[in-house]
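J.: Work out the full structure: start from the sequences and follow the hints.
Take a look at the letters that make up each chain.
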Amino acid sequence: MSKRLSLAEWLRVERAVWTVDAYVQGLPGRARRAIRRELRTNLRASAAEVGARTAIRNLGSLRRLAIGYLEAEYGEGRPRPQLLKGILWGSVASLVLLVALIVGYESFLAGLEASTPVPGTYRWEVARVLGVAGEVTVDDTGFAEYRLAFSYPYFLYPIVVGLIGARIWRLWPVWWRRVVRDRAMRQASAHP
Amino acid sequence: MTVHDPQLLKGVLSLLLLGLLAEQESYGYQLVQRLRRLGLSGLAEGTVYPALARLEREGRVVGRLVQSRSGPARKYYRPTADGYAALRDGSAAWQAMAAAVTPILARPIPDEPAPPSDED
Chain A
1 MSKRLSLAEW
11 LRVERAVWTV
21 DAYVQGLPGR
31 ARRAIRRELR
41 TNLRASAAEV
51 GARTAIRNLG
61 SLRRLAIGYL
71 EAEYGEGRPR
81 PQLLKGILWG
91 SVASLVLLVA
101 LIVGYESFLA
111 GLEASTPVPG
121 TYRWEVARVL
131 GVAGEVTVDD
141 TGFAEYRLAF
151 SYPYFLYPIV
161 VGLIGARIWR
171 LWPVWWRRVV
181 RDRAMRQASA
191 HP
Chain B
1 MTVHDPQLLK
11 GVLSLLLLGL
21 LAEQESYGYQ
31 LVQRLRRLGL
41 SGLAEGTVYP
51 ALARLEREGR
61 VVGRLVQSRS
71 GPARKYYRPT
81 ADGYAALRDG
91 SAAWQAMAAA
101 VTPILARPIP
111 DEPAPPSDED
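Going down the list, the sequences are from chains A and B.
Everything in the first sequence is counted per the working numbering, starting at 1 for the first residue and increasing by one.
Everything in the second sequence is counted per the working numbering, starting at 1 for the first residue and increasing by one.
Heads up, some of the hints might be wrong.
Which bits of chain A does chain B cover? Going by a derived footprint, with three or more residues having C-beta under 8 Å, they are [what the hints assert, rightly or not]:
{"#": "1", "region": "33-39"}
{"#": "2", "region": "57-64"}
{"#": "3", "region": "180-186"}
Here are the simulated distance ranges between beta carbons [to be verified]:
{"#": "4", "chain 1": "B", "residue 1": "E23", "chain 2": "A", "residue 2": "R33", "range": "26 to 32 Å"}
{"#": "5", "chain 1": "B", "residue 1": "R37", "chain 2": "A", "residue 2": "K3", "range": "18 to 24 Å"}
{"#": "6", "chain 1": "A", "residue 1": "R186", "chain 2": "B", "residue 2": "R37", "range": "28 to 34 Å"}
{"#": "7", "chain 1": "B", "residue 1": "Q33", "chain 2": "A", "residue 2": "W175", "range": "29 to 35 Å"}
{"#": "8", "chain 1": "A", "residue 1": "I67", "chain 2": "B", "residue 2": "Q95", "range": "46 to 52 Å"}
Straight-line alpha carbon distances no greater than 25 Å define the calculated SDA-like cross-link-like pairs of lysine to any residue that follow [claimed, not checked]:
{"#": "9", "chain 1": "A", "residue 1": "K85", "chain 2": "A", "residue 2": "G29"}
{"#": "10", "chain 1": "B", "residue 1": "K10", "chain 2": "A", "residue 2": "R36"}
{"#": "11", "chain 1": "A", "residue 1": "K3", "chain 2": "B", "residue 2": "Q33"}
{"#": "12", "chain 1": "B", "residue 1": "K10", "chain 2": "A", "residue 2": "R63"}
{"#": "13", "chain 1": "B", "residue 1": "K10", "chain 2": "A", "residue 2": "V24"}
{"#": "14", "chain 1": "A", "residue 1": "K3", "chain 2": "B", "residue 2": "L65"}
{"#": "15", "chain 1": "B", "residue 1": "K10", "chain 2": "B", "residue 2": "A81"}
{"#": "16", "chain 1": "A", "residue 1": "K3", "chain 2": "B", "residue 2": "L35"}
{"#": "17", "chain 1": "A", "residue 1": "K3", "chain 2": "B", "residue 2": "S26"}
{"#": "18", "chain 1": "B", "residue 1": "K10", "chain 2": "A", "residue 2": "E71"}
{"#": "19", "chain 1": "A", "residue 1": "K3", "chain 2": "B", "residue 2": "R34"}
{"#": "20", "chain 1": "B", "residue 1": "K10", "chain 2": "B", "residue 2": "R37"}
{"#": "21", "chain 1": "A", "residue 1": "K3", "chain 2": "B", "residue 2": "S68"}
{"#": "22", "chain 1": "B", "residue 1": "K10", "chain 2": "A", "residue 2": "S61"}
{"#": "23", "chain 1": "B", "residue 1": "K10", "chain 2": "A", "residue 2": "R57"}
{"#": "24", "chain 1": "B", "residue 1": "K10", "chain 2": "A", "residue 2": "R32"}
{"#": "25", "chain 1": "B", "residue 1": "K10", "chain 2": "A", "residue 2": "R80"}
{"#": "26", "chain 1": "A", "residue 1": "K85", "chain 2": "A", "residue 2": "W176"}
{"#": "27", "chain 1": "A", "residue 1": "K3", "chain 2": "B", "residue 2": "R36"}
{"#": "28", "chain 1": "B", "residue 1": "K10", "chain 2": "A", "residue 2": "R40"}
{"#": "29", "chain 1": "A", "residue 1": "K3", "chain 2": "B", "residue 2": "V66"}
{"#": "30", "chain 1": "A", "residue 1": "K85", "chain 2": "A", "residue 2": "Y157"}
{"#": "31", "chain 1": "B", "residue 1": "K10", "chain 2": "A", "residue 2": "P79"}
{"#": "32", "chain 1": "A", "residue 1": "K3", "chain 2": "B", "residue 2": "Q67"}
{"#": "33", "chain 1": "A", "residue 1": "K3", "chain 2": "B", "residue 2": "Q30"}
These are computed hints drawn from the structure, not numbers from a lab.
Virtual Cβ for every residue (Gly too), placed ideally from N, Cα, C.
T.: Below, the structure is given as structure tokens:
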């Protein structure tokens, strides 16, 4: 006979659902939401009969379940996006960009100091394409004010490198199948 | 007797799901219960849910959300035309296989294999 779930049981179910979600990180958000929703519904129905602990045990290995979902979406042995690789490539790209900008800006400042500048504003424009612009204002007393401005390309390049590193295009067939499936489901729901 | 060999089950699980869904629309946990009532008592739910997702990806079943009195909406599945075709083909293949395999496995198992003969 089914019963209402206690708070502890509800939390156990949520923990199992989110553990599986963590394992299926390589799926698009839509697919993950659908898996969470369905798994939660099934687990709650099962937990209402046998208790959350047994319901989760009856699922078997959560990791194995997640692999099953990944294989169901991509097919067995098919290439999948590599989220961790994407994060790694994005981080390396940000680091390389940062080092290049520091070296470039230091060189600009060294050149400026070496030329004993007259009062005025000096702009470092060469890195504008990378989303960074520098400005040094020298006043009559020889005091210099330094300014660095960051714009969107500075953040865009590492993101693009990260997406390429993650092989993001491998999500496309999954995303498209999901759109087609959702459309079929809406039609089936509208005309049962 | 219960079926516990996951490898044996893996080959026919899709067919079983299609067969049960052809009889009645069901949601994931309901299918698990139906399979258990039919004798697959050791069945792990974790094998059924991805199998359903795979059938849906292959376009063999379609799901629809139905409001439930006891909680969130449940996703009920039913076979598509492709699903019915796969069920018919799969059932025929399974029965042909069972017809060949069952007589062999139904024979009494000898303690020792017979010595080699020159026949064949």
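J.: Now tell me, hint by hint, if it's right for this structure.
T.: Structure-based check of each hint:
no.: 1; hint: 33-39; verdict: holds (count 4)
no.: 2; hint: 57-64; verdict: holds (count 6)
no.: 3; hint: 180-186; verdict: holds (count 3)
no.: 4; hint: B:E23 to A:R33: 26 to 32 Å; verdict: holds, 30 Å
no.: 5; hint: B:R37 to A:K3: 18 to 24 Å; verdict: holds, 21 Å
no.: 6; hint: A:R186 to B:R37: 28 to 34 Å; verdict: holds, 32 Å
no.: 7; hint: B:Q33 to A:W175: 29 to 35 Å; verdict: holds, 33 Å
no.: 8; hint: A:I67 to B:Q95: 46 to 52 Å; verdict: violated, 31 Å
no.: 9; hint: A:K85 to A:G29; verdict: holds, 18 Å
no.: 10; hint: B:K10 to A:R36; verdict: holds, 23 Å
no.: 11; hint: A:K3 to B:Q33; verdict: holds, 17 Å
no.: 12; hint: B:K10 to A:R63; verdict: holds, 17 Å
no.: 13; hint: B:K10 to A:V24; verdict: holds, 21 Å
no.: 14; hint: A:K3 to B:L65; verdict: holds, 22 Å
no.: 15; hint: B:K10 to B:A81; verdict: holds, 23 Å
no.: 16; hint: A:K3 to B:L35; verdict: holds, 22 Å
no.: 17; hint: A:K3 to B:S26; verdict: holds, 21 Å
no.: 18; hint: B:K10 to A:E71; verdict: holds, 14 Å
no.: 19; hint: A:K3 to B:R34; verdict: holds, 20 Å
no.: 20; hint: B:K10 to B:R37; verdict: holds, 18 Å
no.: 21; hint: A:K3 to B:S68; verdict: holds, 14 Å
no.: 22; hint: B:K10 to A:S61; verdict: holds, 16 Å
no.: 23; hint: B:K10 to A:R57; verdict: holds, 20 Å
no.: 24; hint: B:K10 to A:R32; verdict: holds, 24 Å
no.: 25; hint: B:K10 to A:R80; verdict: holds, 23 Å
no.: 26; hint: A:K85 to A:W176; verdict: holds, 23 Å
no.: 27; hint: A:K3 to B:R36; verdict: holds, 21 Å
no.: 28; hint: B:K10 to A:R40; verdict: holds, 24 Å
no.: 29; hint: A:K3 to B:V66; verdict: holds, 20 Å
no.: 30; hint: A:K85 to A:Y157; verdict: holds, 16 Å
no.: 31; hint: B:K10 to A:P79; verdict: holds, 22 Å
no.: 32; hint: A:K3 to B:Q67; verdict: holds, 18 Å
no.: 33; hint: A:K3 to B:Q30; verdict: holds, 16 Å
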